[in-house]
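So the sequences go chain by chain: Z and D.
Quick note on this note's numbering: the first sequence kicks off at -1 and runs consecutively.
Quick note on this note's numbering: the second sequence kicks off at 20 and runs consecutively.
No wet-lab data here; the hints were simulated from the structure.
Errors might be hidden in some of the hints.
[Stated by the list, open to error] Examples of chain D residues toward chain Z, derived with CB under 7 Å: (1) Y51; (2) G62; (3) P63; (4) L65; (5) Y68; (6) Q114; (7) F118; (8) G119; (9) P120.
[As the list claims (entries may be wrong)] Here are a few chain Z residues that sit away from chain D, every Cβ distance over 12 Å (derived from the structure): (10) L9; (11) T20; (12) N24; (13) R66; (14) S78; (15) T109.
Ideal Cβ positions, reconstructed from N, Cα and C, are used throughout, including at glycine.
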Amino acid sequence: EAQVTQNPRYLITVTGKKLTVTCSQNMNHEYMSWYRQDPGLGLRQIYYSMNVEVTDKGDVPEGYKVSRKEKRNFPLILESPSPNQTSLYFCASRAGTGAYEQYFGPGTRLTVT
Amino acid sequence: QKEVEQDPGPLSVPEGAIVSLNCTYSNSAFQYFMWYRQYSRKGPELLMYTYSSGNKEDGRFTAQVDKSSKYISLFIRDSQPSDSATYLCAARGGQNFVFGPGTRLSVLP
Chain Z
-1 EAQVTQNPRY
9 LITVTGKKLT
19 VTCSQNMNHE
29 YMSWYRQDPG
39 LGLRQIYYSM
49 NVEVTDKGDV
59 PEGYKVSRKE
69 KRNFPLILES
79 PSPNQTSLYF
89 CASRAGTGAY
99 EQYFGPGTRL
109 TVT
Chain D
20 QKEVEQDPGP
30 LSVPEGAIVS
40 LNCTYSNSAF
50 QYFMWYRQYS
60 RKGPELLMYT
70 YSSGNKEDGR
80 FTAQVDKSSK
90 YISLFIRDSQ
100 PSDSATYLCA
110 ARGGQNFVFG
120 PGTRLSVLP
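Using the sequences provided together with the hints, build the complete structure.
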């Protein structure tokens, strides 16, 4: 089954404790993104990657890091989480830069206290 | 001003009603327009997309784009309780997708 998986699905952590949210897709997609979803603000892109070792900032990259060492994986790293990073995070992938359809993961609900 | 604006609702309708969901956008460079459906505790999934102005129909769903007024619409005919979800409009210019905040729809049996 074609899918995007994320782990963990729920995470509660404390300010400053480094964490990683993993994302993996099995569709051989070139393009992957991370979004955060907040009430009233919708989905906002954090980082994206057009291929292995190619990443770039989205609209709200501050406080986040990513890496793309393999085509299927695109982890999101919070080196020093803060309460304003409490949000619902989605990983997404699409076939290439020209594709219009994005496939989203199930989401990771992060709470930073 | 947000690039894509959408009334967040919530919108409640009786089963069988025709639902109209709307968005406006500000960036004239947007060429692709999409509607995503998001069920509770799930990721968004693509429902429909259109390129430039015009209509597109898929079963009970019709997507409409009017680039002259920068207006995007989704119509749902014969709405069902299973249509209860949050509907996100999105527009694409270049590589990036810009999403509206979503409209929460409840279809009551």
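Hint check results:
1. Y51: Interface hint status for D/Y51: holds (5 Å vs cutoff 7 Å).
2. G62: holds, 3 Å
3. P63: Since chain Z brings a Cβ to about 5 Å from D/P63, closer than 7 Å, the hint holds.
4. L65: The hint holds - D/L65 has a Cβ within 7 Å of chain Z, the shortest such distance being about 5 Å.
5. Y68: holds, 5 Å
6. Q114: holds, 6 Å
7. F118: holds, 4 Å
8. G119: Since chain Z brings a Cβ to about 6 Å from D/G119, closer than 7 Å, the hint holds.
9. P120: holds, 4 Å
10. L9: Holds, since 15 Å exceeds 12 Å.
11. T20: holds, 15 Å
12. N24: holds, 15 Å
13. R66: holds, 15 Å
14. S78: holds, 27 Å
15. T109: holds, 15 Å
Consistency note: the structure conflicts with none of the earlier hints.
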